[in-house]
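Visitor: From first to last, the protein sequence lines are chains A and B. Residue numbers for the first sequence follow the UniProt record's numbering, beginning at 1 and rising by one. Residue numbers for the second sequence follow the UniProt record's numbering, beginning at 1 and rising by one.
Just so you know, these hints were derived from the structure itself, not from any lab. None of these values were measured; they are calculated from a predicted model. Do not rely on the hints blindly, as some may be mistaken.
Stated by the list, open to error - Some chain A residues near chain B, calculated using beta-carbon distances under 8 Å:
1) K9
2) A10
3) C11
4) K17
5) S19
6) F47
7) G48
8) L51
9) A59
10) T65
11) E69
12) I84
13) V103
14) E159
15) P214
16) F217
To be verified - List of simulated lysine to aspartate or glutamate pairs, EDC-like, C-alpha gap at most 16 Å:
17) B:K435 x B:E310
18) B:K435 x B:E347
19) A:K392 x A:E351
20) B:K365 x B:D381
21) B:K327 x B:E438
22) A:K314 x A:D433
23) A:K9 x B:E505
24) A:K8 x A:D365
25) B:K492 x B:E505
26) B:K119 x A:D365
27) B:K435 x B:E318
28) A:K8 x B:E115
29) A:K127 x A:E159
30) A:K9 x B:E106
31) A:K139 x B:E98
32) B:K369 x B:D351
33) A:K256 x A:E155
34) B:K392 x A:E216
35) B:K392 x A:E159
36) B:K389 x A:E216
37) B:K492 x B:D536
38) B:K145 x B:E98
39) B:K392 x B:E450
40) B:K145 x B:E106
Yeah, the Cβ is synthetic: ideal placement off N, Cα and C, and Gly gets one too.
Each chain, letter by letter, is given below.
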Amino acid sequence: MAIVTTPKKACAVNPLKMSQPIGGAFAFMGLRGAMPLLHGSQGCTSFGLTLFVRHFKEAVPLQTTAMSEVATVLGGYENVEQAILNIYNRAKPEIIGICSTGVTETNGDDVDGYIKLIREQHPQLAKFPLVFVSTPDFKDTFQDGWGKTVACMVEVLVESPAGGAERDPARVNVLPGCHLTPGDLDELRTILEDFGLKPSFLPDLAGSLDGHIPDEFTPTTIGGIGVDEVAGMGRSSCTIAIGEQMRRAAEAMQAKTGVPFRLFERLCGLIPNDEFIAFLSDISGRPVPAKYRRQRGQLADAMLDAHFHVGGRKLAIGAEPDLLFDLSSMLHEMGAQVTAAVTTTQSPVLERIGTNEVLIGDLEDLEELARTRNCDLLITHSHGRQAAARLKIPFYRAGFPMFDRIGAGHQLSVGYRGTRDVIFDIANLVIADREENHQPTPDSWRTSRQPLKPSRRSFIASTEESIA
Amino acid sequence: MSSLSATIQKIFNEPGCAKNANKSDAERNKGCTKQVQPGGAAGGCAFDGAKIALQPFTDVAHLVHGPIACEGNSWDNRGAASSGASIWRTGLTTDMNETDIVFGGEKRLYKAIKEIVSKYNPPAIFVYQTCVPAMIGDDINAVCKAASQKLGKPVIPVNSPGFVGSKNLGNKLAGEALLEHVIGTQEPDYTTPYDINLIGEYNLSGELWQVKPLLDELGIRILSCISGDGKYREVASSHRARAAMMVCSKAMISVARKMEERYGIPFFEGSFYGIQDSSDSLRQIARLLVERGAPSELIERTEAVIAREEAGAWAAIEPYKPRFAGKRALLITGGVKSWSVVAALQEAGLDLVGTSVKKSTKQDKERIKELMGQDAHMIEDMTPREIYKMLKDAKADIMLSGGKSQFVALKAAMPWLDINQERCHAYMGYLGMVKLVEEIDKALFNPMWEQLRRPVPWEQVAKNRQTKVMAQMDAQAAEVAADPETTRRAKKVCFCKEVDLGTLEDAIRSHGLTSVEAVRQHTNALGGCCKRRIEDILAKMPVSSPPAMLQAAE
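Taking the hints into account, I'd like the entire structure generated from these sequences.
Guide: Written out as structure tokens, the structure reads:
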């Protein structure tokens, strides 16, 4: 349905996109005792770290090989070696995950080769889990970095089951996309366990970034899936992948272990969850628990109550492809018009979004489209706050990063219950906006709403609260 | 790149830096930051530093030439505040892709500059170099020069790619860019004898506005603030100021020193953190201005304002002092001068159990010693694990630090206060000090801490169950003890040697004893004062033949 276009701008204004290496590092944060390591200059790590810390309000493990100018010219072997040794000795991690960056990809560091050499030089590292992913900054985006890294983890860490090994019928692998929050993962875990299934999440951010308070101080991740559990994922009966970005990892799992997969593109909305629950009932051989029958009813009621407010809204949405597809489809199914859709990178799901055009662009594009097409609901991550203030339309924060509100790690959107919450939140924003900004006056019928004119001067002159 | 490395060398040789003055030549050439360790570093890069230093110029477009990571991951993350323009908060980047890496990014950069001029028409554009274009040899100086000429607008290259060094070096390189391309390029509309520059002040959370009213009241004009809430035109004409204050940071010292050299603007190093420091700084400003020709009555007026403000601040802080008595604070800070905060906290009556001196000079350390006494606990470098332990062991009641270490404190269920750049309260000036004290009070006395530190009741329930079982066992033992027979047997017979009735009865029974003498042999009983009692026992005990086995043994 939708045509995917790319604007011809030389200068990205108010980027929607974030870089691939931190998407990769993010995936490593879902492993227990992990230390993600960016092979690049200090800033690559420091910017990513600040972003994660502001989003989760948690201590975040992330290290750097601290490439200097000279090291960049001479090659980064020594930096990688030193970094691994330092982390190994000090932080005592269970795994180190390495992502390359723009600098080290430009000079062509062969990190896979380095790792081989390092294992030879330092026998204590011979069997130590080290996973390397190539993630140049100048290609692809956050979501791609995540997808690639999970695929790499599957290739390196999952063991092929021995021939004739029994599969555990209750055990299920779950490969969640990076648009799911720790809260979403916990919700999925509960749902799967209610069907008597034993899920293994790769990666499992719910164990590491859900905000729980550990008894001891650890410089690595404080939870997540253990390397040993990942190794045994080949004995599961099936794999559930969530989001198109996880196709690569699911295929890698199938190729390596023969475990079949089912990919759910979305888990927000009535129909997608019906399919999901039906699938779980099918693989577990159990009827749907009464709890979910009730939750389905609650969602249906929420849709009935909210459609008055959401129906007909002109939505401007900016997000990475999977989240964009998920949320915009759900709202489209609630009667909203997806009027402006901006994303970061190519994906097969984009052309199935219920709109005419999807733009691979930035938040300036989104703001401009929202202004010219009179959108009255904005959905994007926290960087959309400036645009929202200028457009003066209700703004629902979704995706990463969400640094100007708390509780980002627990925003729920999956399952009947998650969908219900999202619908309530958005409808309430719309109601509040109507009460605050659109109360009828004796004259309001006389002047129908004037479309806001795209004005460049007002863009600069507009003064909004600039304190974070 | 030779010019960049030359600039860096020059920065390392900064004569105005007190820390530098104490070094040998060889040490100096190595630069002022420790070589970062791969796998053990946490700081930002030189690009980060340059951006921090310059981004608070609010009417300038800040364009980052590099792949998406440099700007996409970091834009709009600073708490500086603007009184008007908002273009500085707009994230602008060339978002270099693979093709640009292969064919060079200069054309894209030029086009980007052109787009910005046509869209936003800002008074100037700052172009930041990053690692990748520096590696592939994009010459941003040349592009900026060409763009300036063609577009008739200042386009300033800030040559500070991330991999050349630390955040601190980036601050300095940003200063160099200002000196080379901006300062002195325009003239102010008018000048007064009361014009000053503030150098190295970023107006975080709008805290400059807590001091500005005092300066306004004294008739002192901030001709240019580098760079908090600054405008391009102001900094470009800042060379006409009469005096300058270098605020709280060594990073911009070369700007202050070179402006003194080139334009004869005297400067002093001061701070608006803490009551004493604020007063000192106001006095210094007045003194410098008067030395440069302002009427001398300025000094009296300044003293009057200081007296009024100090009295007000002290009065506001006074009620907190008894509340803070005995409360211990741990101060972990990089950027803000430690001693100025130390002084401020002591003014409020807090005990300081330690302060970090990672970036302090020798003089700074001396001052800390002066303030905190000889036994001052100065922390050179503390790992998060050590901080956590210190807090967990309750060696401090509150930690004040930058945002990155906040969770170390919070996860130890310890009060914490942000005093670095991401904070959302303004702590400058007299008002700021009162605000800081208020915030510390709020943090320290929040009833939440007590709830969080309380043990979980269900763990208590489990413990109770255990104690219940223990109690039952104890009770059984007590019951046994309460048995009349046991009580009877426990009665002491020989008080000298503490021999009880039971022991004697057992001995008599098992050995078939009949005389006091025999009892004395078989037990510890002395048979002195207790002779009568033993005779009584013997008389009461039925005479029984001892077991055959014992008899045989005898």
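Visitor: Now look at each hint and say whether the structure bears it out.
Guide: Hints and how they fare:
Taking 8 Å as the C-beta cut-off, the interface hint given for A:K9 holds, the closest approach to chain B being about 7 Å. At a threshold of 8 Å, the smallest CB-CB gap from A:A10 to chain B is about 3 Å, leaving the interface hint in force. For A:C11, the interface hint holds, since its Cβ comes within 8 Å of a Cβ in chain B; the closest pair sits about 3 Å apart. With a least beta-carbon distance of about 5 Å to chain B, the hint placing A:K17 at the interface is held under the 8 Å criterion.
For A:S19, the suggested interface contact is upheld, since its CB lies about 4 Å from the closest CB of chain B, less than 8 Å. At its closest, the beta carbon of A:F47 sits 4 Å from a beta carbon of chain B; the interface hint therefore holds under the 8 Å criterion. With 8 Å as the threshold, the beta carbon of A:G48 comes within range of chain B, its nearest partner Cβ sitting at about 6 Å, so the hint holds. Of the supplied interface hints, the one on A:L51 holds, with its beta-carbon coming within about 6 Å of a beta-carbon of chain B, less than 8 Å.
The interface hint given for A:A59 holds, since its Cβ lies 4 Å from the closest Cβ of chain B, which is under the 8 Å cut-off. Below 8 Å, beta-carbon pairs count as interface contacts, and A:T65 has one with chain B at about 5 Å; its hint therefore holds. The interface hint given for A:E69 is met, as the beta carbon of that residue sits about 5 Å from the closest beta carbon of chain B, less than 8 Å. Restraint check, A:I84 versus chain B: the minimum CB separation of about 7 Å is within 8 Å; hint holds.
Proximity of A:V103 to chain B holds as hinted, the smallest CB-CB distance being about 5 Å (cut-off 8 Å). Because the beta carbon of A:E159 sits about 28 Å from the nearest beta carbon in chain B, more than 8 Å, this interface hint is broken. For the restraint placing A:P214 at the interface with chain B, the shortest Cβ-Cβ distance is roughly 7 Å, inside the 8 Å limit, so the hint holds. With 8 Å as the threshold, the beta carbon of A:F217 comes within range of chain B, its nearest partner Cβ sitting at about 4 Å, so the hint holds.
A threshold of 16 Å between alpha carbons decides the hint, and for B:K435 with B:E310 the separation of about 14 Å falls inside it, so the pair holds. For the suggested pair B:K435 and B:E347, the alpha carbons sit about 13 Å apart, so the restraint of at most 16 Å is met. Straight-line distance between C-alpha atoms of A:K392 and A:E351 comes to about 29 Å, which puts the hinted pair past the 16 Å bound. For the suggested pair B:K365 and B:D381, the alpha carbons sit about 14 Å apart, so the restraint of at most 16 Å is met.
Taken as a hint, the B:K327 and B:E438 pair is honoured in the structure, with Cα atoms around 14 Å apart against an allowance of 16 Å. Restraint check for A:K314 and A:D433: the C-alpha separation of about 14 Å stays at or below 16 Å, so the hint holds. In summary, the hint linking A:K9 to B:E505 is not supported, as the alpha carbons are separated by about 108 Å, beyond the 16 Å threshold. Our distance criterion of 16 Å between C-alpha atoms is met by A:K8 and A:D365, whose separation comes to about 11 Å.
About 12 Å separates the Cα atoms of B:K492 and B:E505, which keeps this hinted pair within 16 Å; it holds. Between B:K119 and A:D365 the CA atoms are separated by roughly 13 Å; this keeps the pair inside 16 Å, and the hint holds. The suggested pairing of B:K435 with B:E318 holds, with an alpha-carbon distance near 13 Å, which does not exceed 16 Å. Distance restraint check for A:K8 and B:E115: the Cα-Cα separation of roughly 11 Å lies within the 16 Å cut-off, and the hinted pair is therefore satisfied.
Distance check on the hinted pair: A:K127 and A:E159 sit about 14 Å apart at the alpha-carbon level, within 16 Å; holds. The suggested pairing of A:K9 with B:E106 holds, with an alpha-carbon distance near 15 Å, which does not exceed 16 Å. Distance restraint check for A:K139 and B:E98: the Cα-Cα separation of roughly 6 Å lies within the 16 Å cut-off, and the hinted pair is therefore satisfied. Distance hint between B:K369 and B:D351 is fulfilled; the C-alpha atoms sit about 14 Å from each other, no more than 16 Å.
At most 16 Å may separate the alpha-carbon atoms for a hinted pair to count; A:K256 and A:E155 meet this at roughly 7 Å. Of the supplied pair hints, the one linking B:K392 and A:E216 holds, its CA atoms being roughly 10 Å apart against a limit of 16 Å. Using a Cα cut-off of 16 Å, the hinted pair B:K392 and A:E159 is violated, with the two alpha carbons roughly 41 Å apart. A hinted pair counts as satisfied when its Cα atoms are at most 16 Å apart, and B:K389 with A:E216 qualifies at roughly 9 Å.
Between B:K492 and B:D536 the CA atoms are separated by roughly 14 Å; this keeps the pair inside 16 Å, and the hint holds. Using a Cα cut-off of 16 Å, the hinted pair B:K145 and B:E98 is violated, with the two alpha carbons roughly 26 Å apart. Restraint check: the Cα-Cα separation between B:K392 and B:E450 comes to about 14 Å, which is no more than 16 Å; the hinted pair holds. Annotation: proposed proximity of B:K145 to B:E106 holds, straight-line Cα distance about 12 Å (limit 16 Å).
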